[in-house]
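K.L.:
What follows is each chain in one-letter form.
Protein chains: 4
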Amino acid sequence: MTASWSSSVSRVDSDKVFIRGYDLEQLIGGQSFTASCFLLLRGRIPTPAEVRTLDAVLNAVLDYALLKPGTVAARYAVSANPSMVAGIATAVLSVGKFTLAPEDTGHFILDAHARYVASGRSLEEVAVDIVADARSRKTRIPGLGHPRFKRVDPRAQRLRDIAVTEGLWGERAQLYELVHRAFTEATGQHEIPINDVGMMAVVLLELGFTPEEMTGLAVLSTLPGVIAHISEELQSGRIIRVVPDELVDYSDDRHDDLAAGLRDAGWPADDNEHQ
Amino acid sequence: MTASWSSSVSRVDSDKVFIRGYDLEQLIGGQSFTASCFLLLRGRIPTPAEVRTLDAVLNAVLDYALLKPGTVAARYAVSANPSMVAGIATAVLSVGKFTLAPEDTGHFILDAHARYVASGRSLEEVAVDIVADARSRKTRIPGLGHPRFKRVDPRAQRLRDIAVTEGLWGERAQLYELVHRAFTEATGQHEIPINDVGMMAVVLLELGFTPEEMTGLAVLSTLPGVIAHISEELQSGRIIRVVPDELVDYSDDRHDDLAAGLRDAGWPADDNEHQ
Amino acid sequence: MTASWSSSVSRVDSDKVFIRGYDLEQLIGGQSFTASCFLLLRGRIPTPAEVRTLDAVLNAVLDYALLKPGTVAARYAVSANPSMVAGIATAVLSVGKFTLAPEDTGHFILDAHARYVASGRSLEEVAVDIVADARSRKTRIPGLGHPRFKRVDPRAQRLRDIAVTEGLWGERAQLYELVHRAFTEATGQHEIPINDVGMMAVVLLELGFTPEEMTGLAVLSTLPGVIAHISEELQSGRIIRVVPDELVDYSDDRHDDLAAGLRDAGWPADDNEHQ
Amino acid sequence: MTASWSSSVSRVDSDKVFIRGYDLEQLIGGQSFTASCFLLLRGRIPTPAEVRTLDAVLNAVLDYALLKPGTVAARYAVSANPSMVAGIATAVLSVGKFTLAPEDTGHFILDAHARYVASGRSLEEVAVDIVADARSRKTRIPGLGHPRFKRVDPRAQRLRDIAVTEGLWGERAQLYELVHRAFTEATGQHEIPINDVGMMAVVLLELGFTPEEMTGLAVLSTLPGVIAHISEELQSGRIIRVVPDELVDYSDDRHDDLAAGLRDAGWPADDNEHQ
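Chains as they are written, first to last, in the working numbering: chain R, 55 to 329; chain U, 55 to 329; chain X, 55 to 329; chain L, 55 to 329.
These aren't lab readings, by the way, just hints derived from the structure by calculation.
Don't take every hint at face value.
[What the hints assert, rightly or not] Here are the simulated DSS-like pairs of lysine-lysine, each with C-alpha atoms no more than 30 angstroms apart in a straight line:
1. X:Lys70 to U:Lys151
2. X:Lys151 to U:Lys70
3. U:Lys151 to L:Lys151
4. R:Lys192 to X:Lys70
All chains should be modelled from the sequences, with the hints used to inform the complete structure.
P.N.:
Written out as structure tokens, the structure reads:
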């Protein structure tokens, strides 16, 4: 039977584990978790600049109180099923279209850059075109805007500064910033910043990650906060958290008689037990 | 290479699917979903009495408003990640120790019945012993008590009536009821009923399911409600549901200066960037 | 504080549970699980024809041996974490773009029908146009084709017959069939059938469900099989299922010396421990 | 309405995010992700020794090829539902009783140490007693044994060396080692080592984490490998991974006639459509 799987991530060889070809025993104590994270995904040892930048990215969305749906969902979950594993999986599943998924921005930037490369025109001109197109097709430019932060998302700004300092600010990052500028100018909405998740995408692209890996890293970066919240909930001893009735507008049409409802729906009166 | 898997659940044979040996094409339109559910798990066609009883069990915990953590968790999840699949998985993960897991009661009854069989004594005597043991070891008897229902959980009572009527009320069911009676008499807590999940376990055991399958069926039975809530949330257009600040007591010690914190923790002042 | 939630699915009122306004105690033993499923989602008691048709849909994809990724994933999961709940959630998470998600077909049909309504032309003409557009834009028409079934997917055919017999075969169903016919004629690929998931979408649309609810019902319909497989795996006693080495083509570049790798990546030799 | 939640993990204050009281903007670029992980869970800035030790723990189980059920489950999942988020949640759900859950060992050590403190006897004596008790009650001592590694799990050994070097090897760690020694002596099974997950528990306990947090950190530490495998699977373009038929021993009793089966189960011949 031929091999139906192939993998170059790791290998277990008699009594040794190799991670991208490196002996795991040497990695333990040999480099930081952030560096190993880069090694596992990119397949090579990162430079110090890459580790410092990835560390900054992983710190960018550490936690966001009870204003992040996944955290709240996880706390509800473990109040009924007191399991760290179930709680973490719950929080992970709230990552998607509206939160913490830089992959949309990642794909947007890659597409924009491919358009630039094919165009033979300047970054500025292409950025203006892209914004005009998006506006005419009424599509959203991902990675922009935040409910709390106006003009500048300070976390995004900090991330940008570090990437620039570390020399990881290339053509694609510049193009996305030009798109942002073209957007605010075209719409007059100067208060709309590049948000934290958008900037994560920019910097992770410079570090060589795919859009899907970006979402994976975003999940990873929020996990310490998730674990902390689940631990706090478990230690609170709270059991079966519910939504208090006074916060809910329940509406229903009361039907006093199921038999009447069944008859009206065409069920024979004597046959109810066989339905 | 020898087979590393074995299964008797279903088989796909060129252009036919067989479910426990029955042609799927015949099952479509040939019997109810509830009957197929029994067939898949028990491996044989159920009797009419078994289908009516299983139907009753599957109706017993259809929904419980926003008073069930899994429902709330799922609605938070899809407000951020608008995906039916993610929402369902989230709701499933809230099933556990404190909600909707009849497997604990199932194992309890099986153990109690094995003790009865080995004892050569009456069901009543064994029930009294079991309660005495549980009280002396301070262990909980699963399946008893409900925050809203006193003396009788009407859903449980209805389920019991149907199982009795259908002739599915055997020795193990009787033993669990005697344990319940011995418990209320020993403690004087006469308001504590057998709850819906406890009664599900009793009846599903009479139908021949394993404790783990009981939990699976409990999950299945709540799924229509879960789907309805997720659909309602998705159609509401609500994005990124959070916990309003006025419902949270946030507490933290504010530290104005990270550099000072690092220094106090023993980090060399000039090496912060290398941490 | 104003209500931040609203729901009409169910309500718990002192000691009663109401499902879409009906007393849960009456539903237990009062109607089938399939009928309650319809009630929860559509908000009204179904007719006998609707229950028979929904029962057929729920039987259409009962199980598919170890040829369905979610089943296999769930069996791997419970070999490490022997939990019914974790196993079910795992299987649910494998439902998506390439399997069991009728929502894509549902949205496609709704869009096609809206185009028909706006066009003032015949169903046939609109179907031909839609196929021509899809081919020119190289987009996929969802719900067509199956790796095992040619010309006809017998499960889909059975489902169609039942819906037609029950009088649940309207304009949208006809339009989708015309799209299928236009597609096979335009491409000459006459062996491509409407598959089971595509036909589920057609019929569930006739029953009034939203595309997202369709995916929820598809998940529900596979759950008995999932529970059966997990139960079989748990009872097998198999612990920590892996992929045997002979089935994997592992490839890596072996690096004997981490220190050399770090040096090459620009890390100062004496600072490795601080990375 | 009074607050129904309380949390001290983080807080969002107008346009600032505070993590355990520290300004998130300062943390980005101010310390490593590993240090922030400690801060989030323990509520204070870690010392350099604590960061080095936690980094070692997080490197200890980076990846384990296709010999870890969660990795395989995740690759099956994304072959059907090509979503990084669904894949990660799938892998998380395979963490449990038989893999990667140091919480059992954590609870065991805490209980053992409480027994020691209460006993007034030596660590050695208590360790011998604990092993004798476990053997007489036939309970498993968690954290011991590995299918590949005999006498020493090299990853565990490396972790131990680092913890000792960093001065994080206290009474509880010593007690667990004495339990291990008493076990191998009592049973004569000298080849059984403390495994990687057992040693993670020992070291994480010294770092002050709760057993549940240990499992959270174990999940976190495997995430880079999980993301790498999912990315590899997504990039492979493999769709709908299945188990090849030649690897499965399918068994079923073929039933050619559903009608006969229904009749035998007691269903009236003319009533099949009402089942």
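K.L.:
The structure should be examined with respect to each hint, and the outcome stated for every one.
P.N.:
Evaluation of the provided hints:
1. X:Lys70 to U:Lys151: holds, 24 angstroms
2. X:Lys151 to U:Lys70: holds, 24 angstroms
3. U:Lys151 to L:Lys151: holds, 16 angstroms
4. R:Lys192 to X:Lys70: Cα-Cα ~48 angstroms, so violated.
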